[in-house]
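Number of protein chains: 2
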Amino acid sequence: MPVNLTLLIEGEEEIGSENLEAFVAKHRAALAADIAVVSDTNQFARGVPSITYGLRGLVYMEVFLTGPSHDLHSGLFGGAVPNPANVLGELIASLHDRDGRVNIPGFYDDVLELSQAERDMWAGLPFDEKAFADGLGLTVLSGEKGYTTLQRRWARPTCDVNGITTGYQGPGAKTVIPSKASAKVSMRLVPNQNAEKIAAAFEAAMKERCPANVAITFARHGLSPAALVPMDSLPMKLAGQALELGFGKKPVFMREGGSIPVVGLFKRMLGVDTLLVGFSLPDDRIHSPNEKFDLDCLHNGARTAAALYERLSHLK
Amino acid sequence: MPVNLTLLIEGEEEIGSENLEAFVAKHRAALAADIAVVSDTNQFARGVPSITYGLRGLVYMEVFLTGPSHDLHSGLFGGAVPNPANVLGELIASLHDRDGRVNIPGFYDDVLELSQAERDMWAGLPFDEKAFADGLGLTVLSGEKGYTTLQRRWARPTCDVNGITTGYQGPGAKTVIPSKASAKVSMRLVPNQNAEKIAAAFEAAMKERCPANVAITFARHGLSPAALVPMDSLPMKLAGQALELGFGKKPVFMREGGSIPVVGLFKRMLGVDTLLVGFSLPDDRIHSPNEKFDLDCLHNGARTAAALYERLSHLK
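Protein sequences appear in the order of chains W and B. For the first sequence, the working numbering assigns the number 1333 to the initial residue and increments by one for each residue that follows. For the second sequence, the working numbering assigns the number 1333 to the initial residue and increments by one for each residue that follows.
Fair warning: there could be bad hints in the mix.
Identical chains share a label here; the pair holds if one copy fits it or two copies do between them.
The list that follows gives simulated cross-link-like pairs (lysine-lysine, DSBU-like), each with its CA atoms no further than 35 angstroms apart [claimed, not checked]: (1) 1506 x 1624; (2) 1529 x 1581; (3) 1512 x 1539; (4) 1582 x 1648; (5) 1539 x 1477.
Worth flagging that the hints you see were computed from the coordinates, not collected in a lab.
Extracted from the complex, chain W is given alone in its bound form (with noise of 0.2 angstroms):
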């Protein structure tokens, strides 16, 4: 091998990497490096290799509200307590505003906002916004006011109910005011954006605008920032050609909405920047039945991941 090549493996990423920080932490200096490399990404589409220079992080939480102490009946109590599973509605529906944007005090304070570069780069990406639609069996999209799609899920920050969970959920019907309600709700962040501040943010917006006779808690499933790699490094460059080895074009730079949080962990821990270079098609349909990975995304990555290494060997 043209470079010294460290391979970090980890077996824990579905389920939360709950071994990763302290691992990294403890193989500091095993792990020290000029140059990460996860190809954990996607081609823009078949045929148009890709250089994913941005991910979103996220902010899980889960919201507990209780308002009476036990369950009661809906005819002998309703109309005079509290029900937090309206409670829970309101407070859901406090998230956005009319355009879309994300209602809490301070969300956006510290999002780096789209370069006219990129934005210019994006409008010529090969992306088909109806097919997109279709595809999810949408007639319309919706996002935030003044965006694209492209640019909805790759650049803005969102807030998604992921799952509620209150009261009689059975066949018909139970006449039912639920002691308690929850919901899971996360949001995704992007570059700049601080997590544990944005985790405050929620929890401070929720809670003042619970009602005083129900009572809210949190928990916080994770935690973790965007990334965002200077597209015009060296490295960049280098992968750039390696792809254009690969699959004998040149790649296009793309984000993407998910988050792989080891990205930000290289960052933080190791202060390594990483090189997202993925071979996968969006039609894979990762984590889903009849998952597959075509054999010319394997053959052409293949050579490119051999072109990589020998081009990330001119890095110093």
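Start from chain W and add chain B according to the hints.
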């Protein structure tokens, strides 16, 4: 017996009385009567024998939302697609205004307001609001502005969420944008509100407030009107005399917030009013573990029943 007595015994009330209406329709002639007697109500408190002269009705709806055709990854899609869990929160929040009034156009149009005489009578009932709140684990009660707790429970219509199902409900986190979200929502009705009209108004309001790219459908799990028995009628006077004989003291007049659908059914199909003369106590824990019925309620109730049939022989 000094009266002709027809016993109608039903064993399906707790599972929705699916066969009762057809049975009553078929036996209309045999069920003809001057008055009906139902003892499915409470004393106001221990030692306060009561005649219940009003019940609330019920409209029980379920709302089903569908956004994207399948669950989506909140990182890859969040911010660009409608999230039916968030939309459900917005619809629920829209159900009340800041004064705790139900925010559905036309909802209060037919509501029968309380007379001053009723307000005065209720204000004289031995109701301990602090003990009531304490028993529910609440420091402060909630409800529609401008009404007392008894008025809110007995004479004002409500809109309560009874259950919500959407997304991931297990422990920890899952970054899903759910395809579907649903809520069970029931409204307690007061005299003169029309259940069919309220159900239609609810559906129209929810449809109008739902974004175009989220599909909305409904199920109706039960519609029954409120009931009100004239307090100054001869049957009421006779029932009052019977209670005084049975318990050794004059009864109070009260309403209840729950629904006894057969009362409306008798009125609608047979033209017969119902006397609600019940003997249980608010702490009997009906439908709950450790349900009980006090022996003095049994004895006083039996004396009342004997007196009631004698008194009702004076109806004509």
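Against the structure, the hints:
Taking the shortest Cα distances, residue 1506 and residue 1624 sit within 35 angstroms of each other only across copies (22 angstroms), while inside one copy they are farther apart (44 angstroms). Neither within a single protomer nor between protomers do residue 1529 and residue 1581 lie at most 35 angstroms apart by alpha-carbon distance, with minima of 42 angstroms and 65 angstroms respectively. For the identical chains of this complex, residue 1512 and residue 1539 are neighbours both inside a copy (16 angstroms) and across copies (27 angstroms), given an alpha-carbon limit of 35 angstroms. In this assembly of identical chains, the alpha carbons of residue 1582 and residue 1648 lie at most 35 angstroms apart only when taken from the same copy (23 angstroms versus 99 angstroms across copies).
For a Cα distance limit of 35 angstroms, the shortest separation of residue 1539 from residue 1477 qualifies both inside one copy, at 27 angstroms, and across copies, at 23 angstroms.
In this structure, only the earlier hint numbered 2 is contradicted, and the remaining ones agree with it.
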